[in-house]
Amino acid sequence: MSNRTLPRILQTPAVLLLLVWMLVPLSMTLYFSFIRYVLNSTIRPEWTTPSLSNWRGLGNYKYVLEAKDFWLAVSNSVFIVTSILLITVILGLCIAVLINRSFPGRGIVRVLLISPFFVMPAVNGVLWINMILDPVLGLQGLAVGGINDLIDGMRDFPVLGHFFSMWPQVQPISFRGTNTSSIAVIMMVAWQWTPFAVLIFMTSLQSEDESQKEAATLDGASAWSQFINLTVPHLGRSIAIVVMIQSIFHLSLYAEIEIVSRGNGNKNLPYLIGEFANNNIGAASATGIFAVILANIIAIFLLRMVGKTLMD
Amino acid sequence: MATVTQTSKFSKIAWPTLAWIVALIFFFPIFWLVFTSFKTDADAVNPEFLWRFTPTLENYTSMTDNYDYWRFATNSVITSFFATLFALVVGVPAAYAMAFNPSRHTKDILMWMLSTKMLPAAAVLYPMTFLTKNILGIYDTHFLVIVVLCLINLPIAVWMLFTYFKEIPKEIIEAGKMDGVSTWGEIKDILIPLAWGGIASTALLTFIFCWNEAYWTVRLTTIDAATLSTLIEGNRAPEGLFFGRLSAVSTAAIAPIVVLGWFCQKQLVAGLTFGAVK
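Chain order of the listed sequences is D and X. Count along the first sequence from 1, add 41, and you get the number used in this note's numbering. Count along the second sequence from 1, add 168, and you get the number used in this note's numbering.
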């Protein structure tokens with residue numbers, strides 16, 4: 042056996058398995074996206090079995106592009122992913138800098154901070170939307186009620202009471218509404234993934250060159266300019282990695298959306314596909330192909346950006 | 169000089185305090201979940217008992233009756249364990265070959281593997297249902313969940329292992345070759361003992377991802393192979409009627425993994441950044 046054959050044989054199972062896993066379902070999706078295929082139809086029973094004779098060409102794609110929910114789902118997907126990325130990177134940077142010093146109980150702080158990352162998405166959704174954000178029974182409802190009681194109490198004050206009586210009642214926000222549920226999703230996912238960013242930025246900060254900073258201090262550079270000119274460039278690679286890993290996970294975000302926005306009109310691409318897949322498989326497949334294209338655009342961009350640094 | 173000492177004294181107290189506050193805020197939702205799990209369903213939604221209440225274990229003792237917790241938990245353990253095992257069995261030889269006998273294509277293969285993670289799962293939802301239900305007849309079986317969990321985590325497992333293996337000096341492996349050790353012997357007697365820590369962290373992280381997976385496990389199971397994700401998602405919105413018992417079952421679903429996570433948080437960084445951040 043030559044030097045080359047054995048390594049190839051060792052890699053084959055992994056490569057082959059992933060190849061089958063990727064190609065077989067994807068080619069089926071591609072096929073279904075070009076035919077008329079529904080699960081239930083009393084008028085056209087021949088459409089309920091996949092067959093080339095039901096060829097529809099680009100009809101499914103046209104149908105999806107004209108569906109009113111499609112662009113909502115696309116823009117929502119992009120909105121949710123970008124917001125989460127922005128929040129986690131900025132917040133992660135601040136917290137990492139904050140705890141990158143020695144102080145009593147630092148180990149415990151680390152453990153407390155990283156915990157949300159290990160919470161399963163289903164529990165994350167259930168916990169936030171019920172126990173915390175519910176407008177009546179959750180902590181939000183209780184907090185709003187408390188504030189209103191406080192304002193009510195102040196109305197009885199002499200002089201000042203007049204001022205407080207002009208204040209409106211605070212209204213709780215229902216995070217199950219169409220417009221607000223993406224905010225709820227962003228909140229809960231950012232809560233879960235900020236710790237991940239903190240952990241990585243903190244590790245990276247520890248390898249920062251301290252002598253450079255000391256020199257900068259002697260030269261009279263302010264803390265802020267040190268942060269912008271020395272720390273942020275040093276963190277470049279870890280920021281890129283945080284962005285890449287999170288994009289991988291958040292583009293296929295599903296459990297949280299399903300739990301928060303079930304049936305309220307708010308959706309991202311995976312959720313829209315799930316809705317179509319209840320009956321119209323052709324449309325679901327065409328949407329799937331659009332999702333693959335969107336993911337590929339982002340993947341090419343990210344892998345170009347991050348891939349090189351990973352290989353060094 | 170006086171001002172300098174003053175600010176440093178201030179910052180010695182202020183920044184750590186702020187760090188503690190931030191950590192407590194982040195941990196608060198988990199604390200609240202565990203806290204609520206000790207309230208009865210009625211107390212849990214009653215503002216009067218927000219902080220002071222009579223703690224009860226009722227939610228935990230009746231968890232089996234209310235939710236059939238143990239069946240779902242067993243499924244989670246079985247599927248996550250075997251998926252992790254298979255990911256290692258397939259991943260270790262592949263990562264070994266890539267780290268010690270890299271070819272021109274190794275980088276491309278690794279990149280391609282990572283790119284399979286970007287394929288949106290929802291895009292192949294119906295074909296997977298169709299294949300497993302109508303053609304292979306393995307819908308809602310442990311076997312299917314194990315295979316799927318193994319495959320979706322394989323790219324990250326290979327990447328992590330590759331990173332750890334790359335740090336082992338090549339000379340050690342080559343010395344083994346000189347002594348006429350077989351490839352299997354090299355993996356078993358040289359590589360695995362040397363990279364034990366890396367393999368263990370890969371296993372832990374893969375196990376965590378398997379346990380928390382919530383798309384395929386929900387979509388490809390109904391009853392027999394359903395995991396804890398399915399259980400929780402199925403009870404998502406009782407409109408406050410069952411906050412107590414829902415908190416208890418959620419706590420039980422996340423506790424093993426959160427505790428496991430505490431122990432491997434250091435390795436997590438090396439693993440998830442593929443060794444690029446140290």
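Among the clues, some could well be false.
Unchecked claim - Here are the simulated BS3-like cross-link-like pairs (lysine-lysine), alpha carbons at most 27 Å apart as the crow flies:
(1) X:K334 / X:K356
(2) D:K254 / X:K338
(3) X:K180 / X:K356
(4) X:K180 / X:K334
(5) X:K356 / X:K434
(6) X:K334 / X:K275
(7) X:K275 / D:K254
(8) X:K356 / D:K254
(9) X:K434 / X:K338
Stated by the list, open to error - Partial chain X-side listing against chain D, Cβ under 10 Å, derived:
(10) T309
(11) I336
(12) T419
Quick caveat, the hints were computed from the structure, so don't treat them as lab data. Each residue gets a CB set at the ideal place from its N, CA and C atoms; glycine is no exception.
Hint check results:
1. For the given pair, K334 of chain X sits about 17 Å from K356 of chain X by alpha-carbon distance, which is consistent with the 27 Å threshold.
2. This hinted pair does not check out: K254 of chain D and K338 of chain X have alpha carbons roughly 37 Å apart, beyond 27 Å.
3. The suggested pairing of K180 of chain X with K356 of chain X is violated, with an alpha-carbon distance near 51 Å, which exceeds 27 Å.
4. Taken as a hint, the K180 of chain X and K334 of chain X pair is broken in the structure, with Cα atoms around 41 Å apart against an allowance of 27 Å.
5. Distance check on the hinted pair: K356 of chain X and K434 of chain X sit about 26 Å apart at the alpha-carbon level, within 27 Å; holds.
6. The straight-line distance between the Cα atoms of K334 of chain X and K275 of chain X is roughly 13 Å, inside the 27 Å bound, and the hint therefore holds.
7. Straight-line distance between C-alpha atoms of K275 of chain X and K254 of chain D comes to about 36 Å, which puts the hinted pair past the 27 Å bound.
8. With a C-alpha separation of about 46 Å, the suggested pair K356 of chain X and K254 of chain D falls outside the 27 Å cut-off, and the hint is violated.
9. For the hint pairing K434 of chain X with K338 of chain X, the CA-to-CA distance comes to about 26 Å; that is within 27 Å, so the pair holds.
10. The criterion of a C-beta within 10 Å of any C-beta in chain D is not met by T309 of chain X, whose closest approach is roughly 17 Å, and the hint is violated.
11. At about 16 Å, the closest approach between the beta carbon of I336 of chain X and any beta carbon in chain D exceeds 10 Å, and the interface hint on this residue is violated.
12. The interface hint given for T419 of chain X holds, since its Cβ lies 8 Å from the closest Cβ of chain D, which is under the 10 Å cut-off.
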